Amino acid sequence: MKKLLIIVFSLLFLASCSNELYKYYDYDNLLYTYGTNDFSEKEIKRFSRKYTRIVESPKGKRKLPPPGACAEYGYLLYLQGKTEEAKEYLIKETVIYPESQTYINALIKSLEL
Amino acid sequence: MKKALILIAIITLFISCDVAKKIIDKNIPQDVDQTQDVIAEITGEKKDIVVDTNVTLLTKKEIKKIKKDREREDKIARGDTLSFIKKKYYQFFPKREDRIVSYPKIYSEKPKSILLIYPWNRSKNQNASEMYLINISKELSQRGYYVIPTMISLEKHKQDTMFSAKYTKGDEVRKYKEEFGADAVMFVTIYSLNKPWWSTNINSVAEYTLFSTTTTDTLFYRRADFNYDSPIPPYKPDKSKDTYEMDQRTIPLFGTCFQMQRSVFMDFPYGPYHKNYLKDQEKFSYQREMRYKIDARPS
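Chains Y and R, in that order, give the protein sequences.
Each residue of the first sequence is one higher than the one before, counting from 7 in the working numbering.
Each residue of the second sequence is one higher than the one before, counting from 2 in the working numbering.
Keep in mind that a hint or two might mislead.
Claimed, not checked - In silico DMTMM-like links for lysine to aspartate or glutamate, alpha-carbon gap of 20 angstroms or less:
no., chain 1, residue 1, chain 2, residue 2
1, Y, LYS29, R, ASP239
2, Y, LYS56, R, ASP239
3, R, LYS157, Y, GLU26
4, R, LYS89, R, GLU283
5, R, LYS276, Y, GLU26
6, R, LYS106, R, ASP239
7, R, LYS176, R, GLU110
8, Y, LYS65, R, ASP239
9, Y, LYS48, Y, GLU91
10, R, LYS280, R, ASP161
11, R, LYS157, Y, ASP44
12, R, LYS276, R, GLU140
For the record, the hints were derived by calculation from the structure and aren't laboratory data.
These numbers were taken from a predicted model, which means no experiment stands behind them.
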């Protein structure tokens with residue numbers, strides 16, 4: 007009986023461990039809806055509220071937002087007219103992922119932030 | 002006597018004239034009929050060039066021998082040097098190849114950031130590109146690479162300011178290094194993503210090519226034919242309260258796409274953000290053309 011319990015617990019423990027570097031939450035749903043629909047300004051506000059969780063409460067092995075998440079959130083804030091916050095998030099992306107420097111600089115330039 | 006001399010002189014004269022004529026005909030270039038050339042110049046059509054060919058008749062044995070030789074040469078050129086039995090054996094028991102052998106350029110160039118070009122959708126499913134784009138970006142991120150933000154690429158494609166993989170050629174990738182700072186660019190062509198109404202099987206076929214933006218070399222190539230045939234849904238959408246709901250018909254297709262990317266990139270070398278970065282060189286790798294089927298129908 008003891009052995010069985012140990013096996014069950016170890017299996018449960020192994021099942022709870024995930025090898026994923028980042029936690030995406032409902033990123034699939036959000037991005038698929040964004041990609042297949044044309045959003046109004048009101049919808050973008052609602053959308054960015056739902057997106058906040060991915061950026062603000064990162065989980066996974068690295069405990070950081072996934073690549074591109076900060077930039078995408080910054081872009082959403084820009085679409086709502088929150089330019090300062092948008093720039094903050096875009097810069098945050100370059101801090102977490104230095105490879106994004108070229109792209110983010112070009113984006114900041116094109117958005118005139 | 003006189004008559005004979007005159008006769009001989011006349012004959013020699015005739016002969017010399019004939020010889021002289023022949024020499025003149027040989028040396029003076031003959032007038033070529035240029036009307037065909039003029040017509041071709043006016044109409045812009047190409048003039049047929051007649052090439053003299055010597056036809057030699059070969060016996061059946063000789064023809065067979067030449068055919069065999071040519072086939073052998075073609076096989077060697079293709080790199081196909083295995084015998085029939087060995088080939089069949091490797092079809093069922095594939096030879097294990099390490100990742101360093103399959104993807105040597107990824108390990109030598111060490112790309113850190115990847116740009117996903119909007120996939121070229123040749124399937125009948127309208128939203129296949131979005132499904133692929135989202136799932137590939139997620140999969141590559143989980144393998145430790147930096148993927149250029151997908152949402153902004155989607156938005157750019159919506160605004161018609163970014164080309165899809167259909168219009169971008171492999172040798173034009175250098176510009177993405179300057180524009181996006183990407184070390185590698187991935188092109189995807191989707192051939193099918195469908196579920197026929199009479200079957201429970203979902204089939205998806207796609208081709209993936211990863212190009213280096215510094216050398217334009219192909220770093221990774223795969224053609225995958227993926228089938229998912231099971232009553233168990235391939236994907237569990239996030240059911241938190243504050244989210245959008247995916248269409249019930251889309252979920253199995255999206256899920257198949259998700260499962261497909263899992264298997265396609267299962268042997269993809271780890272990126273710089275993964276703890277196994279550059280440590281997986283001796284692990285297994287799949288073949289370039291991959292057929293994968295999940296068949297879990299109830300008996």
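Structure-based check of each hint:
no.	hint	verdict
1	Y:LYS29 - R:ASP239	holds, 12 angstroms
2	Y:LYS56 - R:ASP239	holds, 12 angstroms
3	R:LYS157 - Y:GLU26	violated, 29 angstroms
4	R:LYS89 - R:GLU283	violated, 25 angstroms
5	R:LYS276 - Y:GLU26	holds, 11 angstroms
6	R:LYS106 - R:ASP239	violated, 37 angstroms
7	R:LYS176 - R:GLU110	holds, 18 angstroms
8	Y:LYS65 - R:ASP239	holds, 15 angstroms
9	Y:LYS48 - Y:GLU91	holds, 18 angstroms
10	R:LYS280 - R:ASP161	violated, 41 angstroms
11	R:LYS157 - Y:ASP44	holds, 13 angstroms
12	R:LYS276 - R:GLU140	holds, 16 angstroms
Violated hints for the displayed structure, listed by number in ascending order: 3, 4, 6, 10.
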